[in-house]
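A.B. asks: All chains, full assembly: derive it from the sequences and hints.
Residue numbers (the working numbering), protein chains in the order written: chain Z, 1 to 303; chain B, 1001 to 1303; chain F, 2001 to 2257; chain V, 3001 to 3257.
It is worth saying that the hints were derived from the structure and are not from the lab. Predicted model only: the values in this text are computed from it and were never measured. Please note that the accuracy of each hint is not assured.
Stated by the list, open to error - Straight-line distance between alpha carbons at most 25 Å, and here's what the computed BS3-like set of lysine-lysine pairs gives:
| # | chain 1 | residue 1 | chain 2 | residue 2 |
| --- | --- | --- | --- | --- |
| 1 | B | K1114 | B | K1156 |
| 2 | Z | K14 | Z | K90 |
| 3 | B | K1076 | B | K1160 |
| 4 | Z | K76 | Z | K90 |
| 5 | B | K1120 | B | K1090 |
| 6 | Z | K160 | Z | K76 |
| 7 | F | K2004 | Z | K38 |
| 8 | B | K1114 | B | K1076 |
| 9 | Z | K160 | Z | K236 |
| 10 | B | K1236 | B | K1014 |
| 11 | B | K1014 | B | K1160 |
| 12 | Z | K160 | Z | K120 |
| 13 | B | K1277 | V | K3004 |
| 14 | B | K1090 | B | K1038 |
| 15 | F | K2003 | Z | K38 |
| 16 | Z | K7 | Z | K233 |
| 17 | B | K1076 | B | K1120 |
| 18 | Z | K90 | F | K2004 |
| 19 | Z | K160 | Z | K90 |
| 20 | Z | K114 | Z | K160 |
| 21 | Z | K90 | F | K2003 |
| 22 | V | K3256 | B | K1076 |
| 23 | V | K3004 | B | K1090 |
| 24 | Z | K76 | F | K2256 |
| 25 | Z | K277 | F | K2003 |
| 26 | B | K1156 | B | K1236 |
| 27 | B | K1014 | B | K1038 |
| 28 | Z | K7 | Z | K38 |
| 29 | Z | K120 | Z | K38 |
| 30 | B | K1160 | B | K1114 |
| 31 | F | K2205 | F | K2256 |
| 32 | V | K3004 | B | K1038 |
| 33 | V | K3003 | B | K1038 |
| 34 | F | K2004 | Z | K277 |
| 35 | Z | K120 | Z | K156 |
| 36 | Z | K236 | Z | K156 |
| 37 | B | K1090 | V | K3003 |
| 38 | B | K1277 | V | K3003 |
| 39 | Z | K120 | Z | K90 |
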Amino acid sequence: MVDLSVKIGELELKNPVLTASGTFGYGEEFSDFVDLSKLGGFIVKGTTLNHREGNPYPRMVETPSGMLNAVGLQNKGVDYFIEHIYPRIKDVDSRIIVNVSGAQVPDYVAVCEKLAPLDKVAAVEINISCPNVKQGGMAFGTTCAGAESVTAAVRKAYPKTMIVKLSPNVTDVAEIARAVEATGADAVSLTNTFLGMAINTETRRPCLSTITGGLSGPCIRPIAVRMVWQVAKAVKVPVVGLGGIMNGRDAVEFMLAGATAIQVGTANFIDPSVTGKIVDYIEDYLRRHGFNSATQLIGAMEA
Amino acid sequence: MVDLSVKIGELELKNPVLTASGTFGYGEEFSDFVDLSKLGGFIVKGTTLNHREGNPYPRMVETPSGMLNAVGLQNKGVDYFIEHIYPRIKDVDSRIIVNVSGAQVPDYVAVCEKLAPLDKVAAVEINISCPNVKQGGMAFGTTCAGAESVTAAVRKAYPKTMIVKLSPNVTDVAEIARAVEATGADAVSLTNTFLGMAINTETRRPCLSTITGGLSGPCIRPIAVRMVWQVAKAVKVPVVGLGGIMNGRDAVEFMLAGATAIQVGTANFIDPSVTGKIVDYIEDYLRRHGFNSATQLIGAMEA
Amino acid sequence: MTKKYIQDFTLVDKRQVTPACHLLKLAPARGGSLPTMLPGQFVQVEVAGSKTTFLRRPISVNFVDSCDNTLWLLVRCAGEGTVSLVNNPVGATVNLVLPLGNGFDATPGGRRLLIGGGVGVAPLLYLGKVLRDAGTSVTFLLGARSAADLALVEEFEKYGSVCISTEDGSRGERGFVTMHSVMNESFDLIQCCGPMPMMKAVARKAREMGTPCEVSLENLMACGIGACLCCVEDTTDGGNVCVCKEGPVFNIDRLKW
Amino acid sequence: MTKKYIQDFTLVDKRQVTPACHLLKLAPARGGSLPTMLPGQFVQVEVAGSKTTFLRRPISVNFVDSCDNTLWLLVRCAGEGTVSLVNNPVGATVNLVLPLGNGFDATPGGRRLLIGGGVGVAPLLYLGKVLRDAGTSVTFLLGARSAADLALVEEFEKYGSVCISTEDGSRGERGFVTMHSVMNESFDLIQCCGPMPMMKAVARKAREMGTPCEVSLENLMACGIGACLCCVEDTTDGGNVCVCKEGPVFNIDRLKW
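C.D. replies: What follows is the structure, given as structure tokens:
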């Protein structure tokens, strides 16, 4: 009998498999394909203080082993989430984590204050790394000062588990990770998408309405694994790893690199049932390799 | 009749197609597959002051739409190049550019001083972005001060065209590009490989002897195109674009983003004859789209 | 909303019907009956054998043949993904996510004009069949560049009267569908699928005639189930909505064109 | 050095010869004769139909059949790339870069022992044929886990005497090749290809016996033509050298094991 549970700060997860913000809707979209109660948790899409229409179409282009997106945090705002969506999903037997974005620090604080009273919202993931918004977003995630300002402010306002989602578009991600750890993050998650672009050479126009967008998918997995490895060595708080996880093997790779839990993102678009399979794979992997707890995989790479 | 020629500083190329350092040997390895005189030029592999054995095996692992390598600048040193290799290749009717690496600034200077007298070495490409060496390499390429120190010193010692090869593993590549432009670079080339890693989950050991390596291939092309676009807007000197170019369409994409010339790297491993096909594609593309000169493609994306 | 499945199918029959289009007939790999599908819904097809294809490809339901329990997909070779898909040998396994989207208004009654252009004729076959079975009179108006590009005309004739427009006049009336004489007759509802310029022209015409009109959009999409928010269309009532979930079929009153 | 080519071939015949291995026979797609290939050289095979395969796969030349102008490749299904390769239907086009590497010492004369393990027997068939044609006496020692895993034994018997070792004793002598009685006879040259542990054991044995020995390495490689410097082996005389160019065949005196 193997124990799949892991802990992110105070937060206990029944297994390390989470879903990445913006790739799993509010869970409901996937209930025909996967038993949500089988997941360690799901991270609902980027929520902002006010309603956001997001960026104009086209917002997506396929790339080699990946895709670029420029959704731009389209969402109906935190109040709509609390009134209309939370009641529908709160009874799912899994952890609900809300991803929070903002243009300025007070936005993050206001959203987190509104989410704090919700019993079934177990944690927030602070997004300081969205590449697809003009103000805020990645701007906060690419400097220590910016990252600290958001983390410290939210820490004061939000008592439960706070995960800070880091940008990979930096010279030294470990330095940013140390900065948010020092200012009160209970965990860090990485990586968000990589800033990229593509051009239609026949029309000579950019493929995305915003020209640049966020690259995700297995194409960037080797970079994400490296960053998770660097950050796990640099901080004491748990690291949540993501970036191109397509199957159970990839999930294990991130854990061996130092991740305590993992997030499945783009893979949900290709196989909406993949998260359940990943949970099964991890359990089988632990058995095959003679481990009795998922925690034994964390940083277990033998260099 | 279309004109394929482009200029990198003082250096005239018969067409924009170059080969990336470390992916085309000294040209000779490819002479059975492509007429070298058809290329705009080829960049011979990273040359250092002294002989280097490089890193231990294993040095390579396949990744989704790409590969990680950790060769570590294996080469026989600049003197061996001058005595044994240069005489063999100097009469090829194409431009020879030597990629130069070093652990300290004086190494770069010494190598460039030795190369300067060679008539048929048209330019040097200063590698301040190798992710696979302990000292120097990427360390110089990830800060403006480091990049400036190498660029300024080589500029004093080397009178011909100097291209500085930039690292993508930075927060703001445009800032580094401006720094090397200000200190005397005639052109910048980007991107070098992205720092990544992969783990064999069955052995739980890293796939590379050095744990981390450089990621190349079409997987990272969207990031490289974005960086070329940002740099081309930030500097006046020509930009040489590379990163996952697999065919003529990809080459055109980089030029539309702002590249004056392009380098073909990893694609040479999969189709050793690809460079010739890319030259043909560009010529055909110009015809199809009613251009009469390759220079008209540079930065011609309509945003 | 219809229940969604991710399911393996077997390619049981394959036929090239125009220079650009192949008809694929798929049956559930493990037997059993087909999921309930509505006319105008689509499926997300996994493309296994192409290096350069990462995402699934959305293909509209062309026909559901309850007699031999097959799902028909009309696939236009538009790129490496669709080429690789039609190159599957008969007997190959193809994974589908289905059924997706809302579908056309299939409420019986009134006179319907179903207008299709190119591969856009695909969803109209199943729609026509369902309407005809419910006793609704159906007129198809099929447009193509030339006679050779018309797909499955003989199938359409089973379910309604068929009018044809070809740009070169090689079959039916010469010109675009909007110039076809049948457009002068009166209908209670126009339902249209085809290239964007054609659908916009049809929408204009429908507004002139004051005839209600539905169009089926094919915005670029990743997930097909309303999660990625990539395929949005800016609507008059709801702002950016997912074509894969609230569409692909929209009444033109909701569209800003 | 043999001239290299990048060339399309047609898969003309395919046969599974062991649970893990398939024999593929390839002929030049546009006709013409095969390039000159030396025993022990290899080819780089493009894998078109696999999402997860980016690089070519190096496969050693198993046999060159000048009668029907085919190149034989013995392919072990080791991952998605090789599986996709053997799943090619007869008639499929396969692109090769060839011939690559140095090859075995094929100078006639003396008594040769050719030792192969698993799929490593592949290059020894063509080597044995070339040696036998030159009047050199050839003894094959083929090793496998069990009888079912032995490939092409009847082919080997055409070119020399065949000794067999199986780990389970289901055919020939039980145990590893290094335990086979034929190892007690004296040879002028041992040439070996197989799993690394086997080749190292053979090398040890050869050193004990004072018999010259060549082994064929299969270090992971990208380009196959000496450009990427990924497949290096650390040699006693030359430091890190490319297995794809200076190898894959090395005299054990050059190796540090």
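A.B. asks: Tell me the numbers of any earlier hints that the structure contravenes, in ascending order.
C.D. replies: As far as the earlier hints go, not one is violated by this structure.
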